[in-house]
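Student: In case you want the letters, here they are:
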Amino acid sequence: MSKRPPAILALEDGTIWHGEGFGRIGDTTGEIVFNTSMTGYQEILTDPSYHGQIVTMTQPHIGNYGTTPEDDESNQVWAAGLVIRQLSPVVSNWRSRQSLSDYMAERNVVGITDVDTRALVRHIRTHGAMRSAISSSDPNPERLIALARASRDMNDLDLAQEVTCAEPYRWTEGKTWWTPADEALPAPDKYHVVAYDFGIKRNILRLLAARGCHVTIVPAHTTAAQVMALAPDGIFLSNGPGDPAAVTYAIDNVRQLLGQKPMFGICLGHQIMGLALGGETFKMKFGHRGGNQPVQVEASGSVQISAHNHGFAIDADTLPADVVSSHTNLNDQVCEGLDAPGYNAFSVQYHPESSPGPHDSDELFDRFITLLARS
Amino acid sequence: MPKRTDIHSILIIGSGPIVIGQACEFDYSGAQACKVLRREGYRTILVNSNPATIMTDPDLADATYVEPLTVDILEKIIALEKPDALLPTVGGQTALNLSVDLKEAGILDKHGVEMIGASLDAIKIAEDRSKFKEAMIKANVPVPVSHFVYTLEEARSKADEIGFPILCRASRTMGGSGGGVSYSWDDFDDVIDRGLRASPISEILIERSLLGWKEYELEVMRDRANNFVVVCSIENIDPMGVHTGDSVTVAPAYTLTDKEYQHQRDLAKTVMEVVGVETGGSNVQFAVNPETGFTIVIEMNPRVSRSSALASKATGFPIAKIAALLAVGYTLDEIPNDITRETPASFEPSIDYCVVKMPRWAFEKFPGADPVLGPQMKSVGEVMAIGRTFQESLNKAIRGLDIGIDGFYSEMVATDPGDISIPTSDRLFRIGKALASGVTATEVAAITGCDIWFIEQMAGILEIETEIRERKTLAAIDYPLMRKAKRSGFSDKVIGKLVGEDEMAVRAYRKSLDLIPVYYRVDTCAAEFEAHTPYLYSTYEMHDEAQPTDKKKVIILGGGPNRIGQGLEFDYCCVQACWALSDLGYETIMINCNPETVSTDYDTADRLYFEPLTLEDVLNVIDLEQPEGVIVQFGGQTPLNLSKGLMEAGVPIWGTPADSIDLAEDRGRFGELLQELGVDHPAWGLAFSREDALAIADDIGYPVLVRPSFVLGGRAMAIAYDEASLVTFFQDAIEAAAAVSGHDKNPVLIDQFIEDAYEVDVDAVCDGERVVLAGVMQHIEQAGIHSGDSACVLPPYKISQYHLSVMRRYCEKLGRALQVKGLMNVQFAIKDDVVYVIEVNPRASRTVPYVSKATGVRVAQIAAKAQAGLTLDELGLTVMPDVDGFFVKEVVLPFNKLPGADTRLGPEMRSTGEVMGHAAHFGHAYAKSQLATGNDMPTEGNVLITVNDFDKSAILRLGRELHGMGFHLYATAGTAAAFEKIGVSTTLVARFSDTDSTAKNTVDVISSGEIDLIINTPLGQQAQSDGHHLRAAAIKHKIPLLTTLSAAQAAVNGIRALRKTDLTVRSLQAHHKSMSGIN
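Sequence order for the protein chains is A and B. For the first sequence, counting from 1, position 50 maps to 85 in this note's numbering; every step adds exactly one. For the second sequence, counting from 1, position 354 maps to 429 in this note's numbering; every step adds exactly one.
Please keep in mind that the hints were generated in silico from the structure rather than gathered at the bench. Careful, some of the hints might be misleading.
Subject to a maximum C-alpha distance of 30 Å in a straight line, what follows is the list of computed DSSO-like cross-link-like pairs (lysine-lysine) [said to hold, decoys possible]: (1) B:Lys888 - B:Lys719; (2) A:Lys38 - B:Lys559; (3) A:Lys38 - B:Lys157; (4) B:Lys157 - B:Lys1135; (5) B:Lys178 - B:Lys213; (6) A:Lys38 - B:Lys586; (7) B:Lys547 - A:Lys38.
Which chain A residues face chain B? A few, computed with CB under 7 Å, are given here [as the list claims (entries may be wrong)]: (8) Thr74; (9) Trp129; (10) Gln133; (11) Ser134; (12) Asn143; (13) Ala334; (14) Ser360; (15) Thr363; (16) Gln368; (17) Pro391.
Heads up, the beta-carbon is just placed ideally off N, CA and C, and yes, glycines get one too.
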């Protein structure tokens, strides 16, 4: 442990947080956010929605079970950095292939450990998400504060274009997420779904595939006409990073596609759908990031424990009359889902694909399949 | 869905006496349920036979019945109270089983009582192993596969389905003989053949061996809208094979990926649905193959449990309270989270710290008991520690155990580590020794089956130890190293030991480096929302969250982990003190580390510090809070042992001066005081050496009572009848005192033992001036049996007014001389018209809750207020409270859980819990007390009598009485001859060791079921083989056993009363109301 270099995390408000570097030794900048999931750091790092963000994990022990390729949610680490309290000195899990530090070093991701993460989280909770910088190579406070302040502001930024795929492709990998038992028999491909990649997670694709969808993933800029030319049975709008209001081209395309084919959106996809339907979005103080958030399904009153990762949300009061706010976060009453029956479309702000997180909201994928079957 | 308005009154069943495996966690859960249901406007009716509980405080329920937990008694209560509903899930297995019995006997239906919180079907599926397995297999939930087979061929045909390694258990064999493990086809036939031959009915059970698999537990809740949450995940450090109650456990689970964790969560959800738990909390246990991740559900409990109490304390999510609300119809989203206030209970706590639970055992009290841990739980208590990291929490947990080990370091055990593959109570310490002596973490993990993650963390602690040792002096430990050590949980004491300094020197140096702990909040949400409840733990981080107030405040020190001699009774006193001082307008601050208790409910005190009860940890809180006073008197010996150090540090200790506590403990000073006061006491001497001891004993005359100083519960106390036994006991006493004090210079007390005396316990309250007796309790057993193990009765039924007034006068003298402010317990022995003072404890005693419940006077509350400066006059307690009828306290012993342990009672306390029986007549009260411990007094049948020579003459009268009531007597030769002389015929039985006799022996007749009651009085200290076998057989076959003549006399009284009239029930409230009519 003593071999680790000293490192510093600086926030744009001038606060300095000391620790030790791991992963890649160097500098990084990003918006500082925190996640309260106690497991799933690898899925979080590889979730494109964290592009441009430095993630603080609230559980102090991170890296315990190492990393394994099958838990990657995309083909790279998107988070700009990782802040933790104690990097595990050892890896213990039968599936592990590589330690977290080596995994991050190989993928050029800077980490800082031995930070009082609870104090940091309370700071973020009080002062809101903000720009930050980490250095484990030249931990000079003044330089880092300046670096944080000079880094780009996430507000009004279209980050989806930075994480989306370059070319359309077909999903051909596994159809179920990992289970230690035998994999379920693959369902036959019954529906063709075109999925907009604003930063899509693999588990969304696996869940669609497991329900008999063959999925074509298309870049964020794909036009409505190009999508329709693929003759989809349904359209999926993925999760992704950044300010939804800045993704104007996607909002336009979605507006054109609404009502043509059944549509399902998640996270950024949900916000884009909401904007396309005429609603407005706002930036939250520090967002929801964790695997323990209670979401009430308005129709049934039941509560699902769900995985969240969003810094923006739809203002339910701005929705037009034919769009229903279908899900509500019980912690702060934020709108977590939309239902636009007139358009055969629905969306949720949170992550029914979990990974990481509980599987309580799997049913939303079934609901999409029902829509596909009906039309 | 709002709460139900169709039910108005709810019956809650408690868990009865504290036994191994069912302890005060159910006082916590039951008290929570009582409080919250009452607050919701329901009339609550509580039944629990255990008077030491906080839940049976008459303020907590509308009607409180301290009555035996039997179907008959419950039916009487139901008939009287006519409750609308029964909540069976907060009183452990006892309440659950009793509720099932009530339902199946048709009693609930007859009286129109609805079972809420769990249905009969759900309980049956969860509790019946074969039904459970069947239901799980149907729902595709993997469970351990097992089959009964009768031939080798049959076994072979099942082997593939089960999978190797296969565990073979032979049916109807003793102590596991014929059992074995087959690892492959190579040894399969041999193992199976051996098993089949060992079984008298050629039946074996073969199942997948899960030895070495990792063990996990999820604490979950479900409401009637099918909302499901996981409150906490728990990982056992000890692999499968050790009962989870005996395992060191950690929360949250650390070595599962999200995929694996969510898989367990999904399984738990399915289990809840399949079992049919509609509302409430449950736990689901898993075994995970460390090689493949394959996960099996081991069992589930459809009720709150020990681990749900742990999970509640570990997360701040009060499972029992919420389970009670769910049972009356609320859904999780309708219940607010007390800690954040803004968010609902329908969420899953996220914890940003590490929780370690460690069990506490009492093997030192049970010579002969098998110390190897296995599927039968053996620990008597537990400690929980919260820190930011595992290392910090582990160190805090170890020092919280209060066993003289101040943290994880290389010298936790003196001897070599031994075979660390064998799980014992000290295995963790032996692992430390093994690591320190060069065994690698990988090797340790392989040998023990403990996950490498934990072992590597332990090795990391030892690396820091080495770094500190290398510095050699305290001054050479620089800030970075000191910070690292403190952040890893090193105590000042251990750091001191490594560099040859005392604890206070390290403390001063550490503070000079500006290294003091901060306090972080347990907030259920990893700081996502603001926490409004000051539930705190210390850690060496940056930004303190304690936010101490400037109110007038008092700190109450709790008792730490439960152990024999220091348990629930002391928690009762601490909680009462909190309530009383809150009444007086103080902010109350609790420090304790026992997760099972009510005192560590964040609802009890205004502020809760979940911290080990060590001088360092307590002083840290005091430094921050600056209280007006600290109360050490209510938590038992653990806080009392801190009083000297606290006083030296200038802490204002309330109540009896610390010097008086020391005086009462110091036999030399105490003896002088008694002489000065003119109080009779047994002759005594202080022995520093074996020679001293022998000389003193010669002087006093045998028998003598040998006891170490500064120990609890009569640890290593024994009666020596001769020189040989004196020498042995002297050595035991030296070792026991050294274990507490850390050195072997403590004197051993040699007291004259007053044989054949009556013993009396008195609890008194003093305000520094006036001394008022609160309760006088006469022991039913003769002197020589530890007061904590003796049944007793209040009021005394065989003591003259003269003796009472002598005792009162002595108490007054002692109370004043010791300047007692608060509680005082005095033990007397009465023989031949002389009243001897045996012992004075200027602190809360085990009998305080029992006295309070019998008299209706809140003794502990009055004492706490006296400590705050009020006079007894102001508090309205000026005369000894009257008692209506008789209240008998009986104890519960753990012998059935500790195979091999000798079962005879003596001066060392060994009971785990107590019950109370009350009635207008002594006989009925005694019968109830026996019934409550599970000894149903027979009103007819056969009595086996075998007594020592001293008791032969006295037994004749009792035997004749029993004979007269129609009982038939069985007796061994000497006793039988004595009966013959007075014309009472007996059936002759042989002694167990008498192999020549043609008559059946004592064990045979007990085993064959002929005997309904046994009177056996052993003599001498060493376990005599005959008596030992007899008592073991009695315990095994659950036959009431009386080992003293006075208990036998009481039993005969009880039997006579039972034959005349049936038992009746009465609530404490009704009782106290009638009392206030008398007074």
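Student: Which of the listed hints are not met by the structure?
Tutor: Violated hints: 3, 10, 11, 12, 13, 14, 15, 16; rest satisfied.
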